[in-house]
Each structure stands twice: as structure tokens, then as C-alpha cells.
Amino acid sequence: MTNTNYMKDTKKFWQTREKARSALDKKRASVPLTEKVKSLESLQSDASFLKSGRRVLSNH
Amino acid sequence: MGLREVLTHLNDLKATGIIQDYAIGGGYAAMLYDIPMTTYDLDVLAVLPTEDDYHRLYEHFRTKGAKIENVYIFIEGMPVQFLPNYISPLFDSAIEEANIVDFQGVSSKFVSIEYLIALYLTAFRKKDIIRVQSLIKKAKKKLLLDIIRRFDNDQYKLYERYKKVLADT
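Residue numbers (this note's numbering), protein chains in the order written: chain E, 1 to 60; chain H, 1 to 169.
Treat the hints as calculated values from the structure; they're not laboratory data.
One or more hints might be untrue.
Which chain H residues stay away from chain E? Per the calculated CB distances, all over 10 Å, these [what the hints assert, rightly or not]:
hint : residue
1    : THR39
2    : THR63
3    : GLN155
4    : THR169
Computed list of chain H residues with no C-beta within reach of chain E, every gap over 10 Å [claimed, not checked]:
hint : residue
5    : LEU13
6    : THR16
7    : TYR58
8    : ALA66
9    : ILE130
10   : ASP152
Chain E stretches covered by chain H per the calculated footprint, using a threshold of three residues with CB under 8 Å from any CB of chain H [as the list claims (entries may be wrong)]:
hint : segment
11   : 5-12
12   : 18-30
13   : 37-45
A virtual CB, placed ideally from N, CA and C, is assigned to each residue, including glycine.
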């Protein structure tokens, strides 16, 4: 465990992130279909990559 | 360029001390546990004990000329969101107790299913509830309850939310 002073009020932090995520989603929705297909292919490739993983240390 | 290259970059950040440690959370962690997910950004829980450390991380990428949009840093074209551990002790434990996974020579830490559920319960948007409902079937119940009880508080009401998800499942 690190020596950390935890943030007391995290509301603003999460609001900023939610706004950023919405902006990213909006931007993604407006890209041409070819770009959307490319993103989907990239996601499928990432999913296959994740499947190739071997758990070497499980803390549970 | 793909996820492998992104993980290599994250490992470099750790090796050079820009972040002390990290674990992948969010949709990509859920995908590791075989939960089908449509996600395009990578959530990285990072040990950055102070806000100064967090700003230094952005400065590092700015200096390198990386694309930064809002909170997202684009690494190999992938929008990456760093979630600093000073937000909550839950983040600290999620990183500390994360699973180490090897991808043919590239190792990375991924938040465990049980911590992933607890993190989704803190956000508790509609899509988070759906994700919790899928993940819960694969979780170790005793461990999950232990985490929920340990980090339950008035702000996040983890136990109350957990019971609500169970009732609706």
C-alpha cells in the first residue's frame, strides 16, 4: 500500500471523466462507416490477444 | 499497432518510475475474463500518489508530442484514461491484488473480477450494472463480499448496490 492522501470529494473528478467519455463517444459515433469497421476489427484483434494471455500470478 | 504495444508502453512508464505500478481495469479487463464488451478506451488504474505525480504523467506525454484530448492520452492510437490511486483506497488494493498475465513475453497486471465488480459498483451507471450482472457469475462470492464490506462507505454504498444488482438479476 502506498502512502497516499486520498481525495475527499471525488464528484468533480468523476464528472470530468464522464464528460470526456461522452465527448469521445460522440466523436466516435460521427466517424465514417469505414472507420467504425476498422475500430471493430481492432477491438476483435485485441479480444483475441487477451485470450492468448496466461495468468502467471493470481492473488486470489 | 495493438494492445500489445500499449502494454509495452505502460511497462516502460513503470520501469522509468513515471508511474509506480498499474493495473488494467474497465472493459478490457472484463474482456480478459471472457465478458463480451464493446469498448474502445483503456482504463488504467495507476499508482500516482499525488496530483503532482498525475500532472507529471501528462507532462511526460505532452513533451513527447502525444495526442491528448480531455483526460485521454492516446498511446499507439488508443485513448487511455489513467485513474490515479489517490482517488480511493479501493484503487490501491485493486492494483496491489491484481492478476499478472503474460502475453508471450509481455506481462501486465489486470484488476481481478471481484475488484472489477467493486469498481463498477462505485460508478453504478446503467451499463455498469449490466457488466456487474455478467461478471458476478464468474466471481468468488466470499472474496467479493469481503472487498465490498471492506470498501463500503456512505458515498458509494457498495453493499446496498450489490444487493440491488442481485435482486434485479
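Now for the hints, and whether the structure bears them out:
no.: 1; hint: THR39; result: violated (8 Å)
no.: 2; hint: THR63; result: holds (21 Å)
no.: 3; hint: GLN155; result: violated (8 Å)
no.: 4; hint: THR169; result: holds (22 Å)
no.: 5; hint: LEU13; result: holds (16 Å)
no.: 6; hint: THR16; result: holds (18 Å)
no.: 7; hint: TYR58; result: holds (13 Å)
no.: 8; hint: ALA66; result: holds (16 Å)
no.: 9; hint: ILE130; result: holds (16 Å)
no.: 10; hint: ASP152; result: holds (15 Å)
no.: 11; hint: 5-12; result: holds (count 4)
no.: 12; hint: 18-30; result: holds (count 6)
no.: 13; hint: 37-45; result: holds (count 4)
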